[in-house]
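Next come the chains, spelled out residue by residue.
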Amino acid sequence: MSKYLLDKFLYTVDRDPELVERYREDPRATVEWWEAERANVILNVLTGEKSTWLKFDDVEREALATFDIVKLFELGAHPFLSLTLGIAMFERDYEEPLGYQLHYAQMLKHFEMPYPDITT
Amino acid sequence: MATIAAVIASTHHPFYYRASTSTGAERPDFADEWVAKITSFRETLTRANPDVLVLVGSDHFHQIWLDNMPQFLVGKAPFYDANWYNEEREFGLPKMFFKGQENLSAHILRSGLDAGFDLAFSNELRIDHSVTCPMITLRPECDLPIVPIYTNIFAPPLPQPKRYVQLGQAIRDIVETWPENLRVAIIGTGHLSLELGGPRQFGPHGPDPEFDRKAVEWIASGDIEKALGEVSLESLWEPGNATHGFLDFMLMMGVAGAGQAADYVDTLDLFHTMEAYFTWYPKGGNA
Chain A
23 MSKYLLDKFL YTVDRDPELV ERYREDPRAT VEWWEAERAN VILNVLTGEK STWLKFDDVE
83 REALATFDIV KLFELGAHPF LSLTLGIAMF ERDYEEPLGY QLHYAQMLKH FEMPYPDITT
Chain B
536 MATIAAVIAS THHPFYYRAS TSTGAERPDF ADEWVAKITS FRETLTRANP DVLVLVGSDH
596 FHQIWLDNMP QFLVGKAPFY DANWYNEERE FGLPKMFFKG QENLSAHILR SGLDAGFDLA
656 FSNELRIDHS VTCPMITLRP ECDLPIVPIY TNIFAPPLPQ PKRYVQLGQA IRDIVETWPE
716 NLRVAIIGTG HLSLELGGPR QFGPHGPDPE FDRKAVEWIA SGDIEKALGE VSLESLWEPG
776 NATHGFLDFM LMMGVAGAGQ AADYVDTLDL FHTMEAYFTW YPKGGNA
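First to last, the protein sequences are chains A and B.
The numbering used here applies: residue 23 is where the first sequence begins, and numbers increase by one.
The numbering used here applies: residue 536 is where the second sequence begins, and numbers increase by one.
Everything labelled a hint here was simulated from the structure, so no lab data went into it.
Be aware that one or more of the hints could be misleading.
[Unchecked claim] Some, not all, of what chain A presents toward chain B, calculated at C-beta under 8 Å:
1) Y26
2) D36
3) R37
4) I64
5) R83
6) L97
7) G98
8) L105
9) F112
10) Y116
11) L120
12) Q123
13) L124
[As the list claims (entries may be wrong)] Some chain B residues well away from chain A (every beta-carbon gap over 12 Å; in silico):
14) T538
15) E568
16) E625
17) K749
18) A755
19) S756
20) G794
21) A822
In this text, a Cβ means the ideal position worked out from N, Cα and C, and glycines have one as well.
Turn these sequences into a full structure, and let the hints steer you where they fit.
The following block contains the structure:
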């Protein structure tokens, strides 16, 4: 299990406007492409030297392929990253201010303290 | 020697810029009261007549990432660009630009290292809303040179709470030994109880009003001992999953000094979070 890689996916998509739209439109294909092409990119290395060992397990891949925020929360993905990217993709679908954010909270309401550990 | 002109601790709310600049139907009903409180808070910095600002905040996974995570980092650059695409997208924050005070950055780094704090540094730092929010609220002209200091309140494992207090105390001592005859304001922002990306987010108040009430009392009275007695890395999860931002308030209590009551205290109960504003004037305002 790699909380780090879940976070890396959320982080690198969130900061790229094109990827935000691509993930919204076709999440499964975006996750597959990202795992093949981007998962092993070291973010501050521009020379093409990469890591060789990073990959999702099946549960993580499915959670991202469906942007399942309940599962991501349970897996210990960083909640700030999930929320920020969720707002970027779906706030626009809600008419009321904070409509998406409140829906998001509602989906997680069965979690009690302590929440899943987010330490990477 | 430099003079500490003011010590300021504040929440940083990225919605303030949009709320305060919106008009007509777009303007939220709480905007006028919020602007009035910020205007009054801003006056506490203006009155201190600072030449330089030291700004303590925390990067929200912008430039600082999990493959290379410092606990405490001092910016040492001649200039700083500020605010990021996702902050413009979510909060409507503008791109900003600041001049750095490299000489003070170098002094803080050298003296901090010698005092036992293994500070990281950055010579090219694009800062985020933890630093730009207090500039928008307290010094919108952005006309003073700055030294940004980042703490990790975001990506566990974190240092223990007492370490933030100790670093605050060290920053105070270090700035006071800077051999320049300039007035320095030290400003830090954090959070009271806060939940982000969890079931208690965006409620009608902050997630734990009782924690907020106690925290405001600790800060306002400078009761470091009580804060350290009641707060641990584990306990901070209880008031809300982003409440570790309170560690930056604890750092600022260290800057202000044990037992030092704040000269200015104000709060604003908003949806989602309690806003809180504190100013100390060392030497009773005669500095």
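Checked hints:
About 6 Å separates the beta-carbon of Y26 of chain A from the nearest beta-carbon of chain B, less than 8 Å, and the hint is met. Look at D36 of chain A: its Cβ gets to within about 6 Å of chain B, closer than 8 Å, so that hint holds up. Checking R37 of chain A against chain B by beta carbon gives a least distance of about 6 Å; that is within 8 Å, so the hint holds. The criterion of a C-beta within 8 Å of any C-beta in chain B is met by I64 of chain A, whose closest approach is roughly 7 Å, and the hint holds.
Hint status for R83 of chain A: violated, given a least beta-carbon distance of 19 Å to chain B, over 8 Å. Taking 8 Å as the C-beta contact cut-off toward chain B, the hint placing L97 of chain A at the interface is violated, the least distance being around 13 Å. Evaluation of the G98 of chain A hint against chain B yields a violated restraint, the C-beta minimum of about 11 Å exceeding 8 Å. Because the closest C-beta pair between L105 of chain A and chain B is about 4 Å apart, less than 8 Å, the hint holds.
Taken as an interface hint, F112 of chain A does not check out: its beta carbon lies about 12 Å from the nearest beta carbon of chain B, beyond 8 Å. Hint on Y116 of chain A is violated. Least Cβ distance to chain B is approximately 12 Å, over the 8 Å limit. Residue-level restraint check for L120 of chain A holds (minimum Cβ-Cβ distance to chain B is 5 Å; threshold 8 Å). The interface hint given for Q123 of chain A holds, since its Cβ lies 5 Å from the closest Cβ of chain B, which is under the 8 Å cut-off.
The interface hint given for L124 of chain A is met, as the beta carbon of that residue sits about 6 Å from the closest beta carbon of chain B, less than 8 Å. Taking the minimum C-beta to C-beta distance to chain A, about 37 Å, the non-interface status of T538 of chain B holds against the 12 Å cut. Residue placement check: E568 of chain B keeps its beta carbon more than 12 Å from all beta carbons of chain A (closest about 18 Å). For E625 of chain B, the shortest C-beta to C-beta distance to chain A comes to about 6 Å, within the 12 Å cut-off, and the non-interface label is violated.
The Cβ of K749 of chain B sits about 18 Å from the closest Cβ of chain A, beyond the 12 Å cut-off, so the non-interface label holds. With 12 Å as the threshold on Cβ separation, the claim that A755 of chain B sits away from chain A holds: the shortest Cβ distance comes to roughly 28 Å. For S756 of chain B, the shortest C-beta to C-beta distance to chain A comes to about 28 Å, beyond the 12 Å cut-off, and the non-interface label holds. For G794 of chain B, the requirement that its beta carbon stay farther than 12 Å from each beta carbon of chain A is met, with the minimum near 33 Å.
With a minimum CB-CB distance of about 38 Å to chain A, A822 of chain B clears the 12 Å threshold, and the non-interface call stands.
Hint check: violations occur at hints 5, 6, 7, 9, 10 and 16; the rest are consistent with the structure.
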